[in-house]
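Engineer: First to last, the sequence lines map onto chains A and B. Counting in our numbering, the first sequence runs from 1 upward without gaps. Counting in our numbering, the second sequence runs from 1 upward without gaps.
These aren't lab readings, by the way, just hints derived from the structure by calculation. Since the structure is predicted, the reported quantities are computational estimates derived from the model, not experimental observations. Be careful, since some hints might not be right.
All copies of an identical chain are treated as equivalent in the list; a pair is satisfied when it fits inside any one copy or across any two copies.
Said to hold, decoys possible - Heads up, simulated SDA-like pairs for lysine to any residue below, C-alpha to C-alpha not over 25 Å straight-line: (1) K143 - I178; (2) K98 - D227; (3) K143 - E44; (4) K14 - K146; (5) K201 - E95; (6) K201 - E142; (7) K174 - E16; (8) K143 - V243; (9) K72 - E229; (10) K4 - D198; (11) K74 - K167; (12) K60 - Y38; (13) K72 - D153; (14) K60 - D30; (15) K14 - I231; (16) K14 - E229; (17) K146 - P101; (18) K72 - R197; (19) K201 - E102; (20) K143 - H3; (21) K149 - D177; (22) K72 - L207; (23) K208 - L179; (24) K169 - S133; (25) K98 - D242; (26) K72 - C205.
2 protein chains.
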Amino acid sequence: MSHKIYIVGMGPGKEEMMTGEALCALERSDVIVGYTVYLDLLQERFREKELLSTPMRQEKERCILCFQEAEKGKQVALVCSGDAGIYGMASLMYEIGKDYPETELQVIAGITAASSGAAVLGAPVNHDFCVISLSDLLVPWEKIEKRLKAAADGGFVIVLYNPSSHKRKDYLQKACDILLETIEEERACGYVENIGRDGTKAETCTLKELRDRQVNMFTTVFIGNADSEIINGKLITKRGYDVNNRRLSK
Amino acid sequence: MSHKIYIVGMGPGKEEMMTGEALCALERSDVIVGYTVYLDLLQERFREKELLSTPMRQEKERCILCFQEAEKGKQVALVCSGDAGIYGMASLMYEIGKDYPETELQVIAGITAASSGAAVLGAPVNHDFCVISLSDLLVPWEKIEKRLKAAADGGFVIVLYNPSSHKRKDYLQKACDILLETIEEERACGYVENIGRDGTKAETCTLKELRDRQVNMFTTVFIGNADSEIINGKLITKRGYDVNNRRLSK
């Protein structure tokens, strides 16, 4: 018998920010597997489901758990915050899935923080952009540094995920120092904490100011490009339309 | 009196791929403004709403129309495909909004093609990535070329939006030639056409093969990084977990 596992991106947290397709996959499932923090967000709505978790860092075990439950004949959904394919569990599921050739995988996209955070700040990502995670758990820091330099050279809007954690308190500062080698101090930036959850907080600032801001693991950071500016407290990256004679066309 | 305009990302097309928040904003609106192709997708569900459009390229006029309708006291939603903040109308709305200080803007995030296309292909974007549009309507080609080079230098996964159009038939070829200066011919790539609509088509190939593929304006292109591979027809970018002894942990 063949099985199917849904790998579901649940977006930033609130149910309203999930897609209909994601909700439908969870409704259809018997078992929902995920990191405890995400399961807590789903608990009320999906109280009749079996909710299974493995501790933080045990991502491989969490994936294997999904395949094992599916082999029992249960419909399984694995949930990830944001998009399941962007720093989520989708690729690890495909890698481990080599051992479970009878199990089909279906990824269901979710709203990633580059989109949901941008919506809070205004329109900071309205042009070519890079997303870089500052977490060096799975990547050497030198590689992250190289990408920061390349992103600055390319004139991209830059979105930073995982800008800080208990063990990496100065990583945003280190990243800003690298960017400041290429980008001017006054570059328009912003950051959002707890997107789509209680206590959402958005701030705009310059790149120089950003360097010394305290952020945490629930913060997403946005560094504008040369066409970004702060308009009425919102971080806006202009796309290049000529808006000077905008009143004339009325 | 103050007004509010919703700027809504409708995702790739299917209603199931919209968020609850986006659907709710459209339900609450009297007037839905958008490019005709997107309005057509909404017509059936929102037939009781006033649907307004301006021709392609008249983005500025479309934004002004939103503010004018809002000033009449109507609740207005502007719809964009994908995410409203990623190559969407959000930043132009904020720019033009300088003339309408009484009108508040609220961006509602949607699933962008980097997420929805990735879900079809497997997990190609599962690490740091760049999104680059090959459209040179608003940007000089030299800038696009510079970004392609920087993205290749940084070792990013690269997602290309607008890889082709009637007037830009050879742009993907030009882009691949630039990438091939840095990236090996055998690099794992993929592309998806008509994501979330009728006739969704996904293909995987090497970068060398990609150069000569025919794509259109409804195609999103994914170029893997050095850790990407094609597993059972899916394009997967590995995150760096050690999966060699995966059976042992069972």
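Engineer: Each hint needs a verdict: does it hold in this structure or not?
Structural biologist: Against the structure, the hints come out as follows:
no.: 1; hint: K143 - I178; in the structure: both (13 Å within a copy, 22 Å between copies)
no.: 2; hint: K98 - D227; in the structure: between (45 Å within a copy, 17 Å between copies)
no.: 3; hint: K143 - E44; in the structure: neither (41 Å within a copy, 49 Å between copies)
no.: 4; hint: K14 - K146; in the structure: neither (35 Å within a copy, 38 Å between copies)
no.: 5; hint: K201 - E95; in the structure: between (37 Å within a copy, 23 Å between copies)
no.: 6; hint: K201 - E142; in the structure: neither (31 Å within a copy, 37 Å between copies)
no.: 7; hint: K174 - E16; in the structure: neither (36 Å within a copy, 41 Å between copies)
no.: 8; hint: K143 - V243; in the structure: between (40 Å within a copy, 21 Å between copies)
no.: 9; hint: K72 - E229; in the structure: neither (55 Å within a copy, 30 Å between copies)
no.: 10; hint: K4 - D198; in the structure: between (34 Å within a copy, 23 Å between copies)
no.: 11; hint: K74 - K167; in the structure: neither (39 Å within a copy, 51 Å between copies)
no.: 12; hint: K60 - Y38; in the structure: within (17 Å within a copy, 40 Å between copies)
no.: 13; hint: K72 - D153; in the structure: neither (51 Å within a copy, 46 Å between copies)
no.: 14; hint: K60 - D30; in the structure: within (21 Å within a copy, 49 Å between copies)
no.: 15; hint: K14 - I231; in the structure: neither (28 Å within a copy, 33 Å between copies)
no.: 16; hint: K14 - E229; in the structure: neither (29 Å within a copy, 34 Å between copies)
no.: 17; hint: K146 - P101; in the structure: neither (37 Å within a copy, 42 Å between copies)
no.: 18; hint: K72 - R197; in the structure: neither (35 Å within a copy, 34 Å between copies)
no.: 19; hint: K201 - E102; in the structure: between (45 Å within a copy, 23 Å between copies)
no.: 20; hint: K143 - H3; in the structure: neither (38 Å within a copy, 47 Å between copies)
no.: 21; hint: K149 - D177; in the structure: both (10 Å within a copy, 23 Å between copies)
no.: 22; hint: K72 - L207; in the structure: neither (52 Å within a copy, 40 Å between copies)
no.: 23; hint: K208 - L179; in the structure: within (10 Å within a copy, 33 Å between copies)
no.: 24; hint: K169 - S133; in the structure: within (14 Å within a copy, 34 Å between copies)
no.: 25; hint: K98 - D242; in the structure: between (52 Å within a copy, 14 Å between copies)
no.: 26; hint: K72 - C205; in the structure: neither (52 Å within a copy, 35 Å between copies)
Violated hints, listed in ascending order, are 3, 4, 6, 7, 9, 11, 13, 15, 16, 17, 18, 20, 22 and 26; each of the other numbered hints is respected by the structure.
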